[in-house]
Amino acid sequence: MALTTNYELKLGAATREAFGRALVEVARENPNVVGCDADLSKSTMMTYFAKEFPTRFFECGIAEANMVALGAGLAMTGKIPFVSSFSCFVMNKGFEQLRTTVAYPRVNVKVVGTHSGISIGEDGPSQMSIEDLALACALPGFTVISPADEVATRATVRWAAEHFGGVFIRCGRAKVPVIYAADAKIEIGKANLLLPGRDVTLVAHGLMVAECLRAAAALDAEGISARVLDVHTLKPLDEEILAAAARETGALVVAEEHLVDSGLGARVAQALARRAPAPVEFIGLETYAESGTPEGVPAKYGLTSQNVVAAARRAMARKAS
Amino acid sequence: MQKTNDPHELAEKAKIIRRHIVEMIGAAKSGHPGGSLSAVEILVTLYWDVMRHDPAHPKWPQRDRFILSKGHAAPVLYAVMAECGYCPVDELMTLRKMGSIYQGHPDVRFLPALEASTGSLGEGLSLALGMGSGLKLDGFDSRVYVMIGDGESQEGQIWEAAMYGAYHKVDNVCCIVDYNKIQLDGFVKDILDVAPVAEKWRAFGWHTLEIDGHDLGAVQAAFAEAAATKGQPTCIVANTIKGKGVSFMENNPKFHGVAPTPQEVELALKELA
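Protein chains in written order, with numbering that gives the first Met the number 0: chain A, 0 to 320; chain B, 0 to 272.
Just chain A, same shape as in the assembly (with noise of 0.2 Å):
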């Protein structure tokens, strides 16, 4: 069932911010969550957890592959390393380690990317994350989650907290608006349907997911009921919820803020085609982005919810009649 269909949209705490509240509740909680990161602590707010638990916070400098590496030894003794940093620089520099020192020997490390996406706006992109879902999901045994606003942050940092095996949470740097209420479920591994509907669905990850509910109080206008799902766990993918969606409504829209061949589209068509084909529409990344503001960048590069509009009346018209 939908959580509300009343979304007021507004602005929360950049997911980041919320990674860096939720590290510290989990550490005071249990002795054995501690923290690696390359000279971006002030950044990706892993500031907060240094400042309270110092000895439990290792700086490893602009090392990023020996900070990977560092935090699958610390796992190794038992601890519960949170290692993050901007997502392009941990998982493009420190991937190899990803791959050899947490997948393959299946080692306990969580890593946090923030700055994901071109959402950073200025810093264009040298600093931005495109491709690290591709990056993750690439990774056996991890669990790869991209929540959409600060409630899902929580929920997914103390979910990993728990949960023995590599996992990638992937965090944004601008304030992004409030999906979800407080006390709001969220299971890692089961999307959230947050819009009922029969015409369409559209599926989202983090930013996109409030241009899907943008998207659909447009097409509700036009009279067309669309369903909107956030799929914030990316691996392992909810493929009932999926299904049933492609079964149901017929025709489907993947929007993200990541290259779009090889992100969350590329998981939902694949699973579809093994469970329940249908029309689907991307909506993603081509290339590379460039500077600007938080808001334009994306806008420019099409990840708006009148480019999600237009991508459901193409799934649509693509249903079988």
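Worth double-checking, as some hints may not be accurate.
To spell it out: a stretch of chain A is covered by chain B in this simulated footprint if at least three of its residues, at any positions, have a beta carbon under 8 Å from a beta carbon of chain B; those stretches are [said to hold, decoys possible]:
1) 54-64
2) 70-76
3) 99-111
Straight-line Cα separation of at most 30 Å, DSS-like style, residue types lysine-lysine; simulated pairs [stated by the list, open to error]:
4) B:180 - A:92
5) A:299 - A:9
6) B:58 - B:2
7) B:188 - A:92
8) B:135 - A:50
9) B:135 - B:199
10) B:135 - A:92
11) A:41 - B:180
12) A:50 - B:168
13) A:92 - A:318
14) A:92 - B:199
Just so you know, the hints here were simulated from the structure itself, not pulled from any lab data. Cβ atoms here follow ideal geometry from the backbone N, Cα and C, with glycine treated the same way.
Please build the complex by placing chain B on the supplied structure of chain A, with the hints as guidance.
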């Protein structure tokens, strides 16, 4: 297991390990004999004399740990662990075969008594520093030993970790460089020279010793000095001979990553009798 600090007994162990290495790699028809043979005295001294460990309780939290960062030398580690009682000696000859606990490179999924899965070079020192830091948080006096290769020292991550270990004073970690001067494509000096090795480690802030890595007394003394050194981690630059103990393998780049033929195995075992 029966530990010993008697150099004669350790030398006997070394001979047994060398025979295993040659036979295992010969049977596998692939593998890395040169860098396994160069590391024998160091591993024998660690496992029989230096390290606090118990093969009957491989996950004892307060144990000392050893990570073979140069994972291609897996045969020396397998042979030592088997002779210590961690895993079956009679399965050593299944090295590199499908389903064997003795995978081509150390793999904790197949042999849980290993401390780490290694083989992608450059990563073990970071793992060791993470372990050392975790053990310190627990208040344990356990030590972590990690062996890297000289060729491996071309990896940038080694120097990220070297900087970290000294700056954060992870003094329960001891790094051993198996400085055997040869890597896959030839002599290290002809590929991308890492010399001067000891000077580099000193410059990075490590307490650095240079020894003959085949002199058991020198190896024992170096580990004792490492354990006594507080406030900085120790790096032991062990000058070794690639292929040590088998005349036709010594200093021969061919035997970095090529298995001996059955005739060569026979010759080698005669030399190691």
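Holds or violated: are the alpha carbons of residue 135 of chain B and residue 199 of chain B at most 30 Å from each other? holds, 26 Å
Hint check: residue 135 of chain B vs residue 50 of chain A, CA-CA at most 30 Å. Holds or violated? holds, 20 Å
Within 8 Å of chain B (C-beta), three or more residues of the segment 54-64 of chain A: holds (count 7)
Does the alpha-carbon distance linking residue 180 of chain B and residue 92 of chain A stay inside the 30 Å limit? holds, 29 Å
With a cut-off of 8 Å between beta carbons, are at least three residues of the segment 70-76 of chain A near chain B? Three-residue rule met by the segment 70-76 of chain A, so holds; n is 7.
For a C-alpha distance cap of 30 Å, please report whether residue 92 of chain A and residue 318 of chain A respect it. violated, 43 Å
Is it true that the CA of residue 92 of chain A sits at most 30 Å from the CA of residue 199 of chain B? holds, 24 Å
Just to be careful, I want the Cα atoms of residue 299 of chain A and residue 9 of chain A compared with a cutoff of 30 Å; is the pair within it? This hinted pair holds, its Cα atoms lying about 23 Å apart.
Are three or more residues of the segment 99-111 of chain A within 8 Å, CB to CB, of chain B? holds (count 5)
Has the given pair, residue 41 of chain A with residue 180 of chain B, been kept, meaning a C-alpha gap of at most 30 Å? The given pair, whose Cα atoms are some 44 Å apart, is violated under the 30 Å limit.
Just to be careful, I want the Cα atoms of residue 50 of chain A and residue 168 of chain B compared with a cutoff of 30 Å; is the pair within it? Cα-Cα ~20 Å, so holds.
Mind checking the alpha carbons of residue 58 of chain B and residue 2 of chain B for me, to see if they're no more than 30 Å apart? Between residue 58 of chain B and residue 2 of chain B the Cα gap is close to 19 Å, so the pair holds against 30 Å.
Checked against the numbered hints above, the structure violates hints 11, 13; every other hint is satisfied.
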